[in-house]
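Novice: So the chains spell out like this:
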Amino acid sequence: MTDELTTGWTADEMMTVAAARQLRDGAACFVGIGLPSTAANLARATHAPNLVLIYESGCLGAKPDRLPLSIGDGILADTADAVVSVPEVFNYWLQPGRIDVGFLGAAQLDRYGNINTTVVGGDYDAPTVRLPGAGGAPEIAASCGEVVVIVRQDLRTFTERVDFVTSVGYGTGPGDRERLGLRGGGPRVVITDLGVLEPDPVTCELTLTHLHPGVTREQARAATGWDLAVADGLATGAPPTARELAALRALEATKSDGRRP
Amino acid sequence: MAKLVSLTDGVAHLVRDGDVVALEGFTHLIPFAAGHEIIRQGRQDLTLVRMTPDVIYDQLIGAGCARRLVFSWGGNPGVGSLHRFRDAVQHAWPRPLELEEHSHAGMANRYVAGASGLPFAVLRGYTGTDLPGHTTNIRPITCPFTGETLTAVPALRPDVTVVHAQRADRNGNVQMWGITGVQKEAVLAAHRSLVTVEEIVDEWEPVPGQVVLPGWAVTAVAEVPGGAHPSYAHGYSVRDNDFYRDWDAVSRHRDTFRAWVDEHVHKAGAPA
Chain A
203 MTDELTTGWT ADEMMTVAAA RQLRDGAACF VGIGLPSTAA NLARATHAPN
253 LVLIYESGCL GAKPDRLPLS IGDGILADTA DAVVSVPEVF NYWLQPGRID
303 VGFLGAAQLD RYGNINTTVV GGDYDAPTVR LPGAGGAPEI AASCGEVVVI
353 VRQDLRTFTE RVDFVTSVGY GTGPGDRERL GLRGGGPRVV ITDLGVLEPD
403 PVTCELTLTH LHPGVTREQA RAATGWDLAV ADGLATGAPP TARELAALRA
453 LEATKSDGRR P
Chain B
764 MAKLVSLTDG VAHLVRDGDV VALEGFTHLI PFAAGHEIIR QGRQDLTLVR
814 MTPDVIYDQL IGAGCARRLV FSWGGNPGVG SLHRFRDAVQ HAWPRPLELE
864 EHSHAGMANR YVAGASGLPF AVLRGYTGTD LPGHTTNIRP ITCPFTGETL
914 TAVPALRPDV TVVHAQRADR NGNVQMWGIT GVQKEAVLAA HRSLVTVEEI
964 VDEWEPVPGQ VVLPGWAVTA VAEVPGGAHP SYAHGYSVRD NDFYRDWDAV
1014 SRHRDTFRAW VDEHVHKAGA PA
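Here the protein sequences line up with chains A and B, keeping their order. When we follow our numbering, the leftmost residue of the first sequence carries the number 203, and every step to the right adds one. When we follow our numbering, the leftmost residue of the second sequence carries the number 764, and every step to the right adds one.
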């Protein structure tokens, strides 16, 4: 396996690799199921073998050798440093700020990184689409040292206003997190299938800072429901290395293997 | 001491129409067999409480047992949406479903307060979200020592909590291990409790990381091997991930769902 750059990968693979690269070795990372779990386990399989994965089921330091389908798969308990109760994981570990990185997805996201996973369209009592809801996300977004968001970029998702604030990013702009008393740092980076967005240090507005190889800024702007700010030094990120791609595909191949006793 | 009962008798005596019912189990040890027995016995107007109303509550909601749902995450883990839950919220089928919605941290603390004999719990949570705007059960509170504004949520006190565990002895002392979620708190918060177990043994060996519910803190225990399927019991079975994946298609349409309940709940009957 080499670090040579590759071709022939998909946009989702690029997104997952880009998200994995955001996780530094040794960090404690609160992981949701789906893309965050895949990216976190890819990081652990490549550059961050000491990444501490924390699942809200109470598994601290889980080291799965295959991708779990749910946050409570047996492989997580079997490989964890400790299995604690659900009240404990939220009260003792998340709430005091012991977790470095929270990894979240979104059904809708606005320019300040506020996230909706509750309802879309209509009103709350009669929504067009009822989504799963909050889960652990509001307090992950509030209390982790920083938040990494991983989400596919399109007009349905990247909206001028979210229909419901399930998890707070930067609220309505600078100073809002401090005013609300949110002690974590908020969204540091948003990884999409088109590129990477980071909050402007002054305005807190999500700004396109990197494109994935082969993607244009016009594509990214066309997939965004607000007038997307673009960084002066807009760069193109590195494609997946052969090592990253092989590790990711090996992980994905374990998804169907859910029946190990 | 907990009474040893059959599943049929346990549900008949402990779960009543109109009750506030919590079936807990965080992915692991979900009491599916008890949920199916509640459907078979035709319970109505239940307020269903659960942090993650996944497939088990999709079944109870689709079968028309629920009037109200108190929850924090309603999806099919790793698969997608709950179609019966969505149909109830979006189209009031088979009947309207009232929602009271929280975060996981809020729900977990509500059970802790209930188990602790306190009227409410306090946490750093919900701040800045739209959740407090849709229920009166999330309110700000000022810390009397620091003046800081925190969030209060009322205690959960279910009429009955149902959980599944690995083992019990003949005095109804219950032993569970692996991911034990919020089951201990949910049982201690409830007025009555029913625990289904993989097996009842004369004496159980301690297991690292175990949670024990003393028999005098549990109302009834029923031996129901495999009673967590398609969830699992660590040390006894593995999660049937294929079932969860297949549920997406089964539950997507009302008629396929009804046929499934008819075949796998009603015709299957209660375990012996």
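Treat the hints as calculated values from the structure; they're not laboratory data. Remember, it's a predicted structure, so these values are computed and weren't measured experimentally. Take these hints with a grain of salt, some might be off.
Claimed, not checked - The following label-pair restraints were derived from C-beta to C-beta distances: (1) A:G299 to B:E966: 17 to 25 Å; (2) A:G210 to B:F1006: 29 to 37 Å; (3) A:D214 to B:A855: 30 to 38 Å; (4) B:V885 to A:E362: 51 to 59 Å; (5) A:G299 to B:G896: 46 to 54 Å; (6) A:P298 to B:I904: 48 to 56 Å; (7) B:P988 to A:T456: 24 to 32 Å.
The beta-carbon is built from N, C-alpha and C at its ideal position, and this holds for glycine as well.
Novice: Hint by hint, note whether the structure agrees.
Specialist: Hint by hint, here is what the structure shows:
At roughly 44 Å, the beta-carbon separation of G299 of chain A and E966 of chain B lies outside the given 17 to 25 Å, and the hint is violated. Here the CB-CB span from G210 of chain A to F1006 of chain B is close to 35 Å, well matched to the stated 29 to 37 Å. The hinted window of 30 to 38 Å between D214 of chain A and A855 of chain B holds, with their beta carbons roughly 36 Å apart. At roughly 35 Å, the beta-carbon separation of V885 of chain B and E362 of chain A lies outside the given 51 to 59 Å, and the hint is violated.
Separated by about 26 Å at the C-beta atoms, G299 of chain A and G896 of chain B break the suggested range of 46 to 54 Å. The supplied range of 48 to 56 Å is broken by P298 of chain A and I904 of chain B, whose beta-carbon atoms lie about 19 Å from each other. Checking the proposed 24 to 32 Å range against P988 of chain B and T456 of chain A shows it holds: the Cβ atoms sit about 29 Å from each other.
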